[in-house]
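With the hints in hand, could you dock these two chains into one complex?
For reference, the chains in residue letters:
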Amino acid sequence: MATYIARRLLQMIPILLIVSILAFLFVHLTPGDPIRIMYGVEIDQDTYQQLREREGFNDPLPVQYARYMGNVLRGDFGVSYRTRANVSQEIGRRFINTFVLASVSMIWATLAGLVVGIISAVKRNSLLDRVVMTLSVASISIPSFWLGLLLMQVLAVRLGWLPTSGIGGIRHLIMPAFVLGATVAAIVARFTRSSLLETLGEDYIRTARAKGQIRRNVIFKHALRNALIPVVTMTGLQFGFLIGGAIAIETVFSWPGLGSYLIDGIINRDYPVVQALIMLFSLQFLGVNLLVDLTYAYLNPQIRYS
Amino acid sequence: MKNKSEKQSKSVSPLPGERSTPGDDYMENGGGEIEKPYSPFKDFIKKFSKQKMALIAFFAIAIIIILAILAPMIVPYNPTVDVLSQYSQEEQDLLGDNRRSIGYEWVLSDGSVVEPTRVPMVESGNRRVVNARGSGSSITATAVNEGETFVAVSHENVTNYLRIVVTQSQFYRPILTALEVRLGRESFNPGEEITLEIKGRLSDGEVLEDPKEIARVIEEMEELQGTQDTTGGRIAGQQVEQGEDEILGMTFRNLDEEILTIEEDGRIIAESLGLGTVQVSLGGLSTVVQIPVGSEALRNIEPVVTAFQFEETEAQLVDLYKHQPPSSLHFFGTDHQNRDIFSRVLVGTRQTLAIGFVSVILGALLGTTLGLIAGYYGGRIDSLLTRASDVLLAFPGVLLAIAVIAILGPGIINIIFAVAVFTVPIFLRIVRSSAMSVKNMTYVEAARSIGVKNHVIIFRHILPGTMSVIIVYLTMRIGTAIIIGAVLSYLGLGGDITAPEWGAMLNAAKDNSRNVFHPTLFPGLAIVVTVLAFNLLGDGLRDALDPKLKE
Chain D
1 MATYIARRLL
11 QMIPILLIVS
21 ILAFLFVHLT
31 PGDPIRIMYG
41 VEIDQDTYQQ
51 LREREGFNDP
61 LPVQYARYMG
71 NVLRGDFGVS
81 YRTRANVSQE
91 IGRRFINTFV
101 LASVSMIWAT
111 LAGLVVGIIS
121 AVKRNSLLDR
131 VVMTLSVASI
141 SIPSFWLGLL
151 LMQVLAVRLG
161 WLPTSGIGGI
171 RHLIMPAFVL
181 GATVAAIVAR
191 FTRSSLLETL
201 GEDYIRTARA
211 KGQIRRNVIF
221 KHALRNALIP
231 VVTMTGLQFG
241 FLIGGAIAIE
251 TVFSWPGLGS
261 YLIDGIINRD
271 YPVVQALIML
281 FSLQFLGVNL
291 LVDLTYAYLN
301 PQIRYS
Chain Z
307 MKNKSEKQSK
317 SVSPLPGERS
327 TPGDDYMENG
337 GGEIEKPYSP
347 FKDFIKKFSK
357 QKMALIAFFA
367 IAIIIILAIL
377 APMIVPYNPT
387 VDVLSQYSQE
397 EQDLLGDNRR
407 SIGYEWVLSD
417 GSVVEPTRVP
427 MVESGNRRVV
437 NARGSGSSIT
447 ATAVNEGETF
457 VAVSHENVTN
467 YLRIVVTQSQ
477 FYRPILTALE
487 VRLGRESFNP
497 GEEITLEIKG
507 RLSDGEVLED
517 PKEIARVIEE
527 MEELQGTQDT
537 TGGRIAGQQV
547 EQGEDEILGM
557 TFRNLDEEIL
567 TIEEDGRIIA
577 ESLGLGTVQV
587 SLGGLSTVVQ
597 IPVGSEALRN
607 IEPVVTAFQF
617 EETEAQLVDL
627 YKHQPPSSLH
637 FFGTDHQNRD
647 IFSRVLVGTR
657 QTLAIGFVSV
667 ILGALLGTTL
677 GLIAGYYGGR
687 IDSLLTRASD
697 VLLAFPGVLL
707 AIAVIAILGP
717 GIINIIFAVA
727 VFTVPIFLRI
737 VRSSAMSVKN
747 MTYVEAARSI
757 GVKNHVIIFR
767 HILPGTMSVI
777 IVYLTMRIGT
787 AIIIGAVLSY
797 LGLGGDITAP
807 EWGAMLNAAK
817 DNSRNVFHPT
827 LFPGLAIVVT
837 VLAFNLLGDG
847 LRDALDPKLK
857 E
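Sequences listed follow chains D and Z, in order. Quick note: the first sequence uses the working numbering, first residue 1, plus one each step. Quick note: the second sequence uses the working numbering, first residue 307, plus one each step.
Excised from the complex, chain Z in its bound form (with noise of 0.2 Å):
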């Protein structure tokens, strides 16, 4: 219908200045009647482009190839090499700090602000996920792994927590840093119980009086600590007694045993009068507070470090070794080696389409010049030929291509042969009932009566006739072929397995990045991308061009 209407377009509007000649008549009556001749070309045009799923497989595998051949000009890294040598300043910047430096000062039990004097212990929660280590200004905390941690400041018998998160875009969990205790009273005599009011410090800035919500957040913070634990062994004293009030698991110490004295059930009783210094620990933070004991102790109270006051007591820090989750930098993160997996992707397309096309096509070559041998003369060849693929048929090409494999020995070029032994059967077979059906036409028959050669015939006359089957089996082939040389070298039988190969890249990121979810997915992804797209392009090439292939 289409070709017609264009056709009757064409003659009612020809070039000005030619309408009245008498040729120009003729044109006009001829070209209407005579039916232009068919063409199977344009038929086939029209039947693939009603079908969207492969049109779009088609401009699919179009970008693709672009990308492959292109992808040494066009990745954003060297995909070889780890990332970290080869960030311009601007791309420094976005990436976010490796380590931090968290400067410091002490907090003195009259509340003053002072500069420190002496370097503080600092121990990390988690060193599998950070490492810290302390000066005498600033605490410096280094990524090492993603993860979620602490770090343990302290300074004799005060300890702080500083929140440090690598790489993780987890939901919002503040810790406790530090605690405060304020007496209950200015002063105690002897003899009377000292009451003390204990209140926690969240890492946003949050203060928690309530011991229910204290405790909450404690729990929760054992879930942080790594397999060492580093704080726990330092809380000593005894164990107070759990009351409706009490938080669980907090600790007084003694530190003036003749001015105070701590009961069995918790109670701080003072003794005579003086100084008295008294450690509260909980959960793993500890801080001091000094108990006058009668007015005169009041006087000469001499400050001591009761906290430390961080520029900030949460950091955000990225691991830049290894690992680096998907962002605007590296779209698909990197690997155990800090490669950028989207360079790796995109240089990987050119030997997964290499092994794809280069393996079919020799196998469809050598299977379709058997084929057409066999369907052509038949005979003891063809039953040869027949029985020798059926025997190859029967194996699973996996297998197939691995016994290639066993004997060639790994690497990609042994590959692309494995994956095009097992594909000369399938050609073999289907080109040899294509062409034994075709060599019963008339055209052959009537070729073969004046006299034309045999090699003349099977390439003339009978290859065409079974081209459109090839081009169908070629373009499916070629996503089984992708599939069977990804797990090929996903079993390390592909050589170098450090190569940007996409089934490669998976065993690395299997055996490397056990906890890490990108480097397992995007390589994969691809190839599910660009088998699918052979597959659809496969299937829309069948219906158009021989919709009997259907089943």
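So that you can see chain D by itself, here it is in the shape it has in the complex (with noise of 0.2 Å):
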């Protein structure tokens, strides 16, 4: 086990080399001139040149590269170029906030999905069954920044239930985290189903049935645990996934985290905290990748030695 998580480690790295060669040189490649997004366009050509040096956009490619790589590994991404405001500290304080929303979407997500899931394959084409497949092949269809809409236009400016947007208490996530979750849920009860049928049609199930295992055991004991091996993986690759949907959730429902941030950052062409969050986004979907891998080669043998 050791050896393939050092191994899987050592793979990790080339792949963030290159993210932060891509993130660095974002900024040479992108057009605006950072010190005229910076300065304002009316500077004259000599203030120009001084900050140009100042900002050290004379140095060659690779010294700058090394110079914000030497600085973000100590943690520093830079300041706003637009608020002027520390970017590690406002990512510290928005990470949080997508924290907090990405997990409590995820846990609802999957407790509701297995659930479901498995209601469905044990009573296999009852209605809800039915039901819950038409909904899953309809939730894949439906843009959930939409259904956040719409939901904020009933249950909030409709109906006052809820607060419209913002962060506050408990109140304040539901929304979001139902809409964020709701995909989620859908495609892990699909694939609940579909393995735990698959499963349900193996032999050793139905010796299980024929030396007289009552059924209920032998769904829980005998087919659960294989079936969920497959759903633990797909179930972990959708949080990554699910942090990306984010993105577009925060900015509907005004969530002040990470993705909200990204997305302001691209509109003002904030270039600072459009590379660290980047960087940041890649860092977590490998994280999550590689727990996700972990788990599976510790629950199925065969992967590691292989």
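By construction, these hints were calculated from the structure, which means they are not laboratory data. Incorrect hints may appear among the rest.
[Said to hold, decoys possible] These stretches of chain Z come out as covered by chain D in the derived footprint (C-beta under 8 Å, 3 or more residues):
(1) 704 to 711
(2) 792 to 800
(3) 805 to 818
(4) 823 to 833
[Stated by the list, open to error] Computed from the model, here is a short list of chain D residues facing chain Z with C-beta under 10 Å:
(5) Ala-23
(6) Leu-29
(7) Leu-149
(8) Gln-153
(9) Val-157
(10) Trp-161
(11) Ile-170
(12) Val-252
(13) Ile-263
(14) Arg-269
Since we're looking at a predicted model, the values are computed, not measured. Think of the CB as a built atom: it goes at the ideal place given N, C-alpha and C, for glycine as much as any other residue.
Here's what the structure looks like:
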């Protein structure tokens, strides 16, 4: 197991290196001069050159990259072009919000998806099963941000049951967490159902039934354990995608998290913010994927020895 | 089965006159026995036509595409301009009124109705809903926003209400428009307590006599008042003490101190001979009643205004300047800039389909080419391409697309590129694995053995074998691409936020139409219908072309 983890960690390094170079080059690839964005368009040529020198844009690119990465490794992502605020501090402040939203969404989506998926599989072709399957097909066709807008109109604006947007107590969390988790819940339900159905068709299930085990025991002790292995992987992968989906949902509900920060950064061409967040999101996804793979390797020994 | 029977029916009923020729005989025998060569296309059509949902989706997509092509010709209104300037005369008549003038006259205390001689004070109960002003002969109410309120019309001590509703299909709720006060007796003597009968006249014409009923209506009316209270400030005088039969909040104001006095408990007592006047107010409404004390006073009563008589006491207005609700003119209503949402959704189909088709085809072309190369050649180039696509696949599509937009800058073309970028690795991966399995087929080996060049093998022999997978994924990815395109333009990364594009429309609706439902509903429904159609078609194609792809 240890060698497997080590191998996986080593594989991550070149990817992180590429991401960091891309994030660094970002400033130079995009149209628009960072000096002009920072200090305005009206500065004269002399001042412009001085500022360029001072901000270090005249150094060779490798030097700039080394300096940038040195700062990043020390946890310094620079200051925002627009607000002059420290990007690292701002990210630290907003990370908690995104983390809370994503975790709550993920927890309810996984629980609901598992329960519904198991019931659907056990009561195959029942009314509930068909409703669940139809909903899960529909859910991948419904943009979650639109679902969020509709809920906001009905529950917050019309009925006044929930606050429209922003951050506060648990009531603020209900709508964004529901919308963000809905698609994941549908996918988990569908996947759990098909995985459990497949397992229920295996020979050892028939054997267990044949030797007189009651149905409930067969499902929970024999089938579910095996059926859940691929579900774990799939659910883990969904977490990464949920964080991607959070970008739109945070913007819909004015949730002060990393996603809305990224979008604001892009629209305002606030490069340090975008650079930092692209690296952070990449690290996050790679981390989640690693965890998923490790869980899978732990559950399925075939993987770690291949 | 079907093919066979068709063939037989063909062979037994040849063209007339050729029946007896020997050639035909031969054909008949031969035709019945020789099996038609297996046609994958016919097989596919047969399998596909069995899937009802996929067929419906197919026709839905065909209709959507036709609508997109014809959109500029069939839109009922210019999608980028306020509809108000685009109405024909007939349409104008259908619309309903944005403003209404209601004529009025004065009702005097002796019951006569006269032409008004002075302009009344007119105030809207909620200026966010309606604006109102008065002239010598009419009251004009102009719709400002959707809602329900009243307009207060006052002259000296008399205030009456008009009920105004702006584009709302809410349940009917009449309001109190006027108070009517009658004396218990014709005249009173000094020292006597004066008894009054009070009635409330509702906007639908009904007259309420039960004080409890009147109180209930007054309570309901308080909701109609906006933030600024325009009438409460004018109520002066003594509060009537709450009794069994009394109406909550009624006030009396003595206008002739010498003749009448109003006690603490609300009783009115006649003091000395003459003509007294009392203003009765309730919930912002008020009227005056003349109280003659002594028979002498009865003779020289000079009538005063006690109420207004309006042509109508209710007016249904339409806000024509923005957020018109769905109607026969505007199927989806109008938005915050009064542009026809139906037209905008229709025109938006073009951009949405363009994003979906172009980006996925672009991504598929690149991904397929790379996948074929990786799958066919294998080795180092394969592991490099696979590794690269694994990295891209590790990121969720939205984030990858946003990163591309961050580099290229906002804009529709850039959205297409952004969506294409994350489509590439998906196609690379599936085409690669498909190409790897086809590569080892005997016919490919045969082709290689006779010295066919690599690129010919790839495009002649391997590509057709992977085609079914490509078509299935192409269809399924278009739905995803449309959603991601909509998300990006919703987030304001589509460049022009005023463009008739579904995602941008939802963005505008969120910022400008908080209290209105239809600007959010319809563009989103359009996305759902289109994406659902592509997803269902993709499912159907997958089942018909390659059942193995399922899970």
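### Message
Next item in the hint list is Trp-161 (chain D). Is there a CB on chain Z closer than 10 Å to its CB?
### Response
violated (16 Å)
### Task
Go check the region 704 to 711 of chain Z versus chain D for me, would you? Three or more residues, Cβ under 8 Å, otherwise it fails.
Holds, because 5 residues of the region 704 to 711 of chain Z bring their Cβ atoms closer than 8 Å to Cβ atoms of chain D.
### Query
Hey, does the Gln-153 (chain D) contact hint survive, CB to chain Z under 10 Å?
holds (6 Å)
### Task
Using Cβ atoms only, decide whether Val-157 (chain D) comes closer than 10 Å to chain Z, and label the hint accordingly.
With a minimum Cβ separation of about 6 Å from chain Z (threshold 10 Å), the hint on Val-157 (chain D) holds.
### Message
Hint Val-252 (chain D) vs chain Z: min CB-CB distance below 10 Å?
### Response
holds (7 Å)
### Query
Does the nearest C-beta of chain Z fall within a distance shorter than 10 Å of the C-beta of Ile-170 (chain D)?
violated (23 Å)
### Query
For the region 823 to 833 of chain Z, do at least 3 residues have a Cβ located nearer than 8 Å to some Cβ of chain D?
holds (count 5)
### Query
Three or more residues of the region 805 to 818 of chain Z near chain D by CB distance under 8 Å?
holds (count 3)
### Residue hint Leu-149 (chain D), partner chain Z, criterion CB-CB below 10 Å
Result: holds, 5 Å to nearest chain Z Cβ.
### Task
Would you check chain D against the region 792 to 800 of chain Z, counting CB to CB pairs closer than 8 Å, and say if three or more residues qualify?
The restraint on the region 792 to 800 of chain Z holds, since 6 of its residues have a Cβ under 8 Å from chain D and three suffice.
### Query
If you take the shortest Cβ to Cβ gap from Ala-23 (chain D) to chain Z, is it below 10 Å?
With a minimum Cβ separation of about 9 Å from chain Z (threshold 10 Å), the hint on Ala-23 (chain D) holds.
### Restraint satisfaction for Arg-269 (chain D) [CB to CB of chain Z, less than 10 Å]
Where the cut-off is 10 Å and the nearest Cβ of chain Z is about 8 Å from Arg-269 (chain D), the hint holds.
Hints 10 and 11 from the list above are not met by this structure, while the remaining hints are.
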